[in-house]
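With chain C held as given, fit chain Y onto it using these hints.
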Amino acid sequence: MNQEVLLKYLPKNPPRLQKGVVNYFVTRNLYAFTDEVITFSPDNSVGQDFKSSFGLESRQIDRLVESALRKAGEFEMEIPNQKVLNLTNSVLKKIISQGFLIDFINPSVEGGIILELDRYGIYYLIEFFNDGDIVFLKRNGDNREVFDLDEEGLFEQIG
Amino acid sequence: MVIIEKFLIWMKKVFSSKSGESKLRVSNSICDSLRIPSHLHRNGRAIDDEFGEELIYRRFLAPGLNSDWLKSRQLSSSIFEVKNDSCNRSKYSNSPHDVLYNVRIEDEGKHYLSWGILSINSKAFSLFTFQVNGTTRTFSLKLSHDPLDCMFPHSEIIVLEAGIRIDTSKPKSVKAVIRDYLITECEIVKFPS
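Protein chains in written order, with this note's numbering: chain C, 1 to 159; chain Y, 1 to 193.
Think about it this way: if two alpha-carbon atoms lie no more than 30 Å apart in a straight line, the pair counts; the simulated BS3-like pairs of lysine-lysine are: (1) Y:Lys71 with C:Lys138; (2) Y:Lys110 with C:Lys71; (3) C:Lys83 with Y:Lys71; (4) Y:Lys142 with C:Lys138; (5) Y:Lys190 with C:Lys138; (6) C:Lys71 with Y:Lys170; (7) C:Lys94 with C:Lys138; (8) Y:Lys142 with Y:Lys91; (9) C:Lys83 with Y:Lys170.
For the record, the hints were derived by calculation from the structure and aren't laboratory data.
So that you can see chain C by itself, here it is in the shape it has in the complex (with noise of 0.2 Å):
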């Protein structure tokens, strides 16, 4: 396994490392454009055991959205609601297996979650509302095409 690794999915405040405790980073391989997982313990060092990220995408993509609404918090917006929190976990994980990449994925002002796409150098954007609207946004160059969606149309623009 190429084990030039970017750290992707730093976490923020590293849990501190507690005897017979499994920690682990999430990181992308530049060359299989896959995320994987660094395990460690107190006896190892950082990154001597790779592991297949296979079955962990959901808790990166939990982690993500978490991320969203510790933001949210931190800076007294308007928390996602339950129901744009499940939609951006569908879609994450939807898009994620479509070889999008995440650019971002922040709260929005106006209480929602806004997430920043890119694929093939295409940038999209998709924006949830807590009233349940959905915005999605499509930019080619100086190209832009942008609609008012709801789920099922979110999910016929994604594939």
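Relative to chain C, chain Y alone:
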């Protein structure tokens, strides 16, 4: 804060609630008490709606680490709020940092010193065309000088369609696409600290 200033705040609120906007002038002493530099005070200066080639400054608050909203030269749309269309123009600013002063009297001089600053060239405010819900629509952005008593450079970004000012809150797609247009025209002047 001294009693007279509190009284003026109360008066300002009363006027605002009755007329929709305050007609009450805030004195330079109140601007001074908010620790806003004198070059930013209006001092009776007239509105200047002639925007030549100048820069427009906006403050922004970005959650998380820089990498949460900046990647290469790509800025996250999350840091640009269209609902808040306030900005400062460079023509009447001594420094981009002037946009970090908080002129709300009720906030008693709590400025936004840790916030970041974006700049946009006024040349970006021109006609542009987008596909909105499958329909081609042409918008234009206009700058309007809207001086405040303690912040003379204060201006607003106005969105027009066919020459008529539109409400960008609905549909949400219009707001999103205008925000996307503006964010791609922005440069970072100061990172949040």
